[in-house]
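Trainee: Here's the letter readout for the chains.
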Amino acid sequence: MSAPRLFAGPDPRAGAERLADHLRRLGPPPPARRDAIAAVEQSGLNGRGGGAFPAGAKWRSVAGRARGSAVVLANGAEGETLSWKDRLLMAARPHLVLDGAFLAAASVGADRVMLYVGERHAAGLAALAGALAERPDRERRMARIVAAPGRYVAGEESAAVHFVNAGRALPKTVPPRPFERGVDGRPTLVQNVETLAHAGLLGRFDSVPGTLLVSVSGAVGAPGVVEIAEGTTVGEAVASARGPLQQARAVLLGGYFGTWVEADAAWPMPLRCAVVSVLPMGACGVCETARIMRHLAEESAAQCGPCFFGLRALADACERIAGSRAQPDDLVRLHRWAGELPGRGACRHPDGAAGLLWSALRVFASEFATHRPHAAGRAA
Amino acid sequence: MREQAPAVDRIRCDGHGLCAELLPELIRLDDWGYPIVAPGPIPRHLLADARSAAAACPVLALALRRTETRSRRSTHVLHNL
Numbered sequence: 001m002s003a004p005r006l007f008a009g010p011d012p013r014a015g016a017e018r019l020a021d022h023l024r025r026l027g028p029p030p031p032a033r034r035d036a037i038a039a040v041e042q043s044g045l046n047g048r049g050g051g052a053f054p055a056g057a058k059w060r061s062v063a064g065r066a067r068g069s070a071v072v073l074a075n076g077a078e079g080e081t082l083s084w085k086d087r088l089l090m091a092a093r094p095h096l097v098l099d100g101a102f103l104a105a106a107s108v109g110a111d112r113v114m115l116y117v118g119e120r121h122a123a124g125l126a127a128l129a130g131a132l133a134e135r136p137d138r139e140r141r142m143a144r145i146v147a148a149p150g151r152y153v154a155g156e157e158s159a160a161v162h163f164v165n166a167g168r169a170l171p172k173t174v175p176p177r178p179f180e181r182g183v184d185g186r187p188t189l190v191q192n193v194e195t196l197a198h199a200g201l202l203g204r205f206d207s208v209p210g211t212l213l214v215s216v217s218g219a220v221g222a223p224g225v226v227e228i229a230e231g232t233t234v235g236e237a238v239a240s241a242r243g244p245l246q247q248a249r250a251v252l253l254g255g256y257f258g259t260w261v262e263a264d265a266a267w268p269m270p271l272r273c274a275v276v277s278v279l280p281m282g283a284c285g286v287c288e289t290a291r292i293m294r295h296l297a298e299e300s301a302a303q304c305g306p307c308f309f310g311l312r313a314l315a316d317a318c319e320r321i322a323g324s325r326a327q328p329d330d331l332v333r334l335h336r337w338a339g340e341l342p343g344r345g346a347c348r349h350p351d352g353a354a355g356l357l358w359s360a361l362r363v364f365a366s367e368f369a370t371h372r373p374h375a376a377g378r379a380a
Numbered sequence: 381m382r383e384q385a386p387a388v389d390r391i392r393c394d395g396h397g398l399c400a401e402l403l404p405e406l407i408r409l410d411d412w413g414y415p416i417v418a419p420g421p422i423p424r425h426l427l428a429d430a431r432s433a434a435a436a437c438p439v440l441a442l443a444l445r446r447t448e449t450r451s452r453r454s455t456h457v458l459h460n461l
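Residue numbers (my numbering), protein chains in the order written: chain Y, 1 to 380; chain H, 381 to 461.
Hint data in this document are derived by calculation from the structure and do not stem from the laboratory. Values in this document were obtained by computation on a predicted structure and should not be read as measured data. Note that the Cβ used here is the ideal one computed from N, Cα and C, for glycine as well.
DEER-style ranges, computed between Cβ atoms: (1) Ala52(Y) to Pro419(H): 20 to 26 Å; (2) Ala147(Y) to Pro421(H): 43 to 49 Å; (3) Leu444(H) to Glu180(Y): 18 to 24 Å; (4) Ala122(Y) to Pro438(H): 41 to 47 Å; (5) Asp21(Y) to Asp394(H): 51 to 57 Å; (6) Ala365(Y) to Ala443(H): 35 to 41 Å.
According to the in silico footprint, chain H covers these stretches of chain Y (three or more CB under 8 Å from chain H): (7) 294 to 305; (8) 309 to 320; (9) 339 to 347.
Using the sequences and the hints given, assemble the complete structure.
Mentor: See the structure below:
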């Protein structure tokens, strides 16, 4: 494993790094020169909130509309159940996040920075508040911390903007997208906090980003956040969390909106997502999938019919199969519904749920077809 | 001639289903009564029906949008892969 970047220096579990220590260790933040956007573009840095959209292109699209009054919204909502990396980053390296956020603001022509942090991430909220108090007056005046509701969809780009504008963390019909009309109608750069932290390392390391933060969970010896080099395989990431603990059945890549992959196929894959969860042999993929589908159904913003009704129906059918109460056509309907859902919500919540289900129906095909009740205590 | 496609505002749509009655060639309903729109532009001979369907929607959730020529790259994706 290559050396960490974001978590170089003191153990991240030790809490927030103070400004003086941060500057002593890394030197001054990257200067907001005219070519900063080009540097972000050339770095190949992409969004670390799940979308993987190229950061440079996003900065440029905001800069082209900004006229000095754009807004930067640093997204630390992190509502994904299996992800802890953003809250750890905010709690341990708040100044790195701020360096990136203020660089972004200067580069795109923004005079306001909103730090949008999940209300449950108390350590992250406290660390950013403490870090802001250490920053120069000019930065302090332009920044504001906003506690985001602890809902899955609250971190979706248009929902984040909607919450700041109107107190409702619900996705909006797009277009217009936030980079066109966002906070207070201004062009708004919504960027994940890890993405911003990498931008804050520009000029401080030879090449940026170089690493990614990954939350590893399930059947591993040391579940938690690991910082790995780009190009690291799934197997290497799992090994760095001292796993797998036993022979694995499958791996969930990308979290609840992700994809199940057979374990043997997963290990050599280059890791391109921020969540890895290992399902051991003997655990039940059907029960696990039913649990995830229920969670996603409950996290629907209930704005769009196909998502609200469809996800509930998917979860019901998965639970019937898991509980061996399946109706004759449940499996056929699951396949059909999974195909009908994508693209039919204002946001991509239904797409993510359908994608997860597709992968489950493929990887756990035989289990879905012949599911029997588990002995007491085994069923998830 | 510029091409158009049906676009449903998913938040507005309440599943009244008139669109599927007026434009069954391109719109069908799912198990809960919400529209599933066939991908691609509206064929010329269906444009008039499509306009009627858009006009008939009681909550104005159906519109005809000019099809975008550039590839649509989503910047608001939630899932992680």
